[in-house]
Amino acid sequence: MSGSGLRPGVAPSGKPPVRLFLGSEDAQYRAERIFLYALEQVRDPTRAYEIFVMRDMAGYTSRGWRTGFTNYRFAIPDYAGRSGKAIYNDVDQIYLADPGAMFDLDLGSHGFLAVSAADTSVMVMDCGRMAPIWNLAAATSQSKERLHADAALFWWPLDAAWNSRDAEYEEGRSKLLHFTAMHTQPWQPFPGDYAYRQNPLADLWFDLERQA
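FYI, the numbering used here numbers position 10 of the sequence shown as 10, with every residue one higher than the one before it.
Simulated from the structure, these hints should not be mistaken for laboratory data.
This one's a predicted model, so the numbers in the text were calculated from it and none came from an experiment.
There's no promise every hint is true.
[Said to hold, decoys possible] Derived lysine-lysine pairs resembling PhoX-like cross-links, with alpha carbons at most 25 Å apart:
| # | residue 1 | residue 2 |
| --- | --- | --- |
| 1 | K85 | K144 |
| 2 | K15 | K144 |
| 3 | K15 | K85 |
Work out the full structure: start from the sequences and follow the hints.
Right, here's the structure in full:
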């Protein structure tokens with residue numbers, strides 16, 4: 001766990017800790033570092049954040065995965081003890097607003113919030129509600145497509161500002177920027193696999209790296 005406790009000299013707010021699981025892999029070490037740095041800049045200093053980096057997890061077969069961490073998200077209910085809420089993020093993102101605001105959203109009778117039932121790259125879930133469908137056994141044996149389909153009835157829309165993918169970014173409105181097109185990721189994690197192109201939003205990421 002990469003914890004982020006209360007800042008020194010700050011009175012605690014009394015709010016529950018923000019529990020966040022980050023899907024990552026070795027080649028994304030620069031992205032991982034800046035994800036964590038960006039979060040630290042926008043977090044509530046009066047609140048604890050429990051951050052779990054999921055990388056090189058045992059027991060998974062990655063055949064057919066688009067990334068080295070594709071199915072880790074579906075085991076979060078088990079990793080979280082099948083209780084409470086949890087946020088999931090892919091590593092190729094930067095927070096522009098406090099994820100605590102997303103964590104505090106009311107899920108009502110729903111199991112998870114995401115921009116679509118088939119795009120869970122950013123989501124907040126009720127771990128107890130999702131555990132019968134998303135768990136370690138399912139995550140290590142079923143495809144992402146099957147796991148999404150099985151959970152479709154538990155989905156509810158998340159404000160798209162929490163997952164602004166590349167050209168969807170709007171200055172002043174977007175709360176998270178997702179560099180989802182792998183051939184334009186500014187930090188170029190896989191130079192042997194992609195002919196990288198310039199990303200018009202690259203300066204947002206490089207500015208954070210210079211500050212970190």
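Outcome of the hint check:
1. K85 x K144: holds (21 Å)
2. K15 x K144: It is violated: about 33 Å lies between the C-alpha atoms, which goes past 25 Å.
3. K15 x K85: Since the Cα atoms of K15 and K85 sit roughly 13 Å apart, the hinted pair holds (cutoff 25 Å).
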